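If you want the building blocks of each chain, they are given just below.
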Amino acid sequence: MLGKLIKHELRATAHTMLPVLGIMLLVSALANLGARLMNGREVPAVVTVLFTLVVILFVTGLFAIGLVTVLLMVQRFRGNLLRDEGYIMHTLPVSVHAHIWSKVIVSTLWYALTGVTVVLSVMLAAMDIDFIRSLGKMLGEFAKLMSKDIKNVEILTELLALLVLGGLTASLSFDAALSIGHSFANRKMLLSVCVFVGMIILSQLTTVGLFNLFDWIGVNVELDAYNITGFMGTWRFACGVTALLMTFYGAICYGVTAFFMKRRLNLE
Amino acid sequence: MPVLECKGLSKSYGSKRALDGIDLRVESGRIVGLLGPNGSGKTTLIKLANGLLTPTQGRILINGLEPGVETKRAVSYLPERTCLPDWMSARDLMGFYGDFYADFDKRAAEDMLSRLGVDLRARMKSLSKGSREKVQLIMVMARRARLYLLDEPIGGVDPAARDYILNTIISNYNPEASVIISTHLISDVEKVLDDVIFINQGKIILAAPADELREQQGKSVDEIFREVFRC
Chain A
1 MLGKLIKHEL RATAHTMLPV LGIMLLVSAL ANLGARLMNG REVPAVVTVL FTLVVILFVT
61 GLFAIGLVTV LLMVQRFRGN LLRDEGYIMH TLPVSVHAHI WSKVIVSTLW YALTGVTVVL
121 SVMLAAMDID FIRSLGKMLG EFAKLMSKDI KNVEILTELL ALLVLGGLTA SLSFDAALSI
181 GHSFANRKML LSVCVFVGMI ILSQLTTVGL FNLFDWIGVN VELDAYNITG FMGTWRFACG
241 VTALLMTFYG AICYGVTAFF MKRRLNLE
Chain B
1 MPVLECKGLS KSYGSKRALD GIDLRVESGR IVGLLGPNGS GKTTLIKLAN GLLTPTQGRI
61 LINGLEPGVE TKRAVSYLPE RTCLPDWMSA RDLMGFYGDF YADFDKRAAE DMLSRLGVDL
121 RARMKSLSKG SREKVQLIMV MARRARLYLL DEPIGGVDPA ARDYILNTII SNYNPEASVI
181 ISTHLISDVE KVLDDVIFIN QGKIILAAPA DELREQQGKS VDEIFREVFR C
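So the sequences go chain by chain: A and B. Just so you know, we're using our numbering here: the first sequence kicks off at 1 and counts up by one. Just so you know, we're using our numbering here: the second sequence kicks off at 1 and counts up by one.
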């Protein structure tokens, strides 16, 4: 059933996400086209104004698209599971866990695609013959760097794994805050935001508290790790600690979301 | 085994008691009217049967099981409000219901939709509120479920639409299944009911076969309801 939920979730979110990502790429292409048109040429004032608008849109889009994706995913979770559509979704022969996983997996996928779109947009806006040549060169150097030492591949893989874990954890934290906030009778969205802010403060305090605790007992985590194991060991250590903290935080958020959706569901 | 059984079922929202120690059995093959004024606990009972709420005390069983994934396979639920996703077309909805419910009869749904004159490609947001309500009812009644839970299916619709809705229910439900219709519009549904349950302030105050009740009291169920719930 998880596969079916993911299939329908992808369809429902693609309905809003594909136009958003498509528009971003289109604006990037227009920015590129405008720059080429205006390159050292006299153009009518109206073209200059239009180009300026496209550039403003492009720069704003680059910064805003991540936020737009997060807001759309939050809106999707809320609308589909915590408001009217929840009457259909929560009466499907599907467990709460499958619902949460389908939302988290699909959200993470869209976060990743948004990241790819941002990179593609920058490349598209800057693209010309020289850029394509230098891109080929850069890719060649990147491949060389990767093949030079297996550790580089490991670092890249671990970094990507951390990003995926970060996407999953972020999704779970939004879902947990929404589930708690929507269990109240009134001001559900406001309370969800308050809960989310509270969760961030609490998680930061816990992390800082943990490191202070290590300091207090005489362990300088970062320095000791470096002295003992060198760069690769420190990198592994940092990745491991980050992954552990994110997994722990994500697991708590998951448990909270499942509990509130099972026991405290309060559909309008 | 009863299709639906409640044992000392209570549900509270904070200090407010919505259901108060209900004991109830609904057998297979019956059309049951869950009748009561607004705020009497009808919707709470139906939500509990669907697993949308959890009991504060007591138990509710569907085919002998607590509400969960298994019972949801057997229950076809019409919520009080229309909640179909706006962006979906009737064809999308059939795909959706067909994917999740093995007992969904796509041909029956297509047949009902074509009789209603709904364009299968039209998105829900382009349909009138009345048409959306009917499409939702069609999706619910196109299932060959064991228990249909219909929450206020004729509330807020015109008399012609009420006839359409009742005809759709009567001509499409699985005869081996039970249908529970929650409403306060008794006169419209009375003719189709096998049993009636009167509920008020979270308590069952009467549960009997409709014919027996009419015979005993020499009045229609609607008249009895008006007497019992007179303000």
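Since the hints were made in silico from the structure, they are not lab data. Among the clues, some could well be false.
If you want a taste of the chain A side facing chain B, the calculated C-beta under 10 angstroms gives, among others [what the hints assert, rightly or not]: (1) His8; (2) His15; (3) Leu18; (4) Gly22; (5) Arg83; (6) Tyr87; (7) Thr91; (8) Ser95; (9) Ala98; (10) Arg133; (11) Ser134; (12) Lys137; (13) Arg264; (14) Leu265.
The model shown is predicted, which means the values in this text are computed figures rather than measured ones. Idealized CB from N, CA, C, for every residue including glycine.
Interface hint compliance - arginine 264 of chain A to chain B, C-beta minimum distance less than 10 angstroms: 9 angstroms, holds
Would the hint on leucine 265 of chain A be counted as holding, given a Cβ-Cβ threshold of 10 angstroms to chain B? 6 angstroms, holds
The hint names lysine 137 of chain A as touching chain B; please verify it with the least Cβ-Cβ distance against 10 angstroms. 45 angstroms, violated
Hint alanine 98 of chain A vs chain B: min CB-CB distance below 10 angstroms? Result: holds, 9 angstroms to nearest chain B Cβ.
Grab the minimum C-beta distance from arginine 133 of chain A to chain B and call the hint holds if it beats 10 angstroms, violated otherwise. 44 angstroms, violated
Per-residue hint verdict: histidine 8 of chain A, partner chain B, C-beta under 10 angstroms: Check passed: Cβ of histidine 8 of chain A comes within 6 angstroms of chain B, closer than 10 angstroms.
Hint validity - serine 95 of chain A Cβ closer than 10 angstroms to any chain B Cβ: Since the shortest Cβ distance to chain B is 6 angstroms, the answer is holds.
A closest beta-carbon separation below 10 angstroms is what the hint needs, so does leucine 18 of chain A meet it against chain B? 13 angstroms, violated
Restraint: threonine 91 of chain A near chain B, CB-CB cut 10 angstroms. Satisfied or not? 5 angstroms, holds
When the nearest CB of chain B is found for arginine 83 of chain A, is that gap smaller than 10 angstroms? Holds. Min distance 8 angstroms.
Tell me if histidine 15 of chain A is really an interface residue toward chain B, meaning its C-beta lies closer than 10 angstroms to one of theirs. Cβ of histidine 15 of chain A sits 5 angstroms from chain B, so the hint holds.
Interface hint status, tyrosine 87 of chain A versus chain B (Cβ within 10 angstroms): With a minimum Cβ separation of about 4 angstroms from chain B (threshold 10 angstroms), the hint on tyrosine 87 of chain A holds.
Of the numbered hints listed earlier, those contradicted by the structure are 3, 4, 10, 11 and 12.
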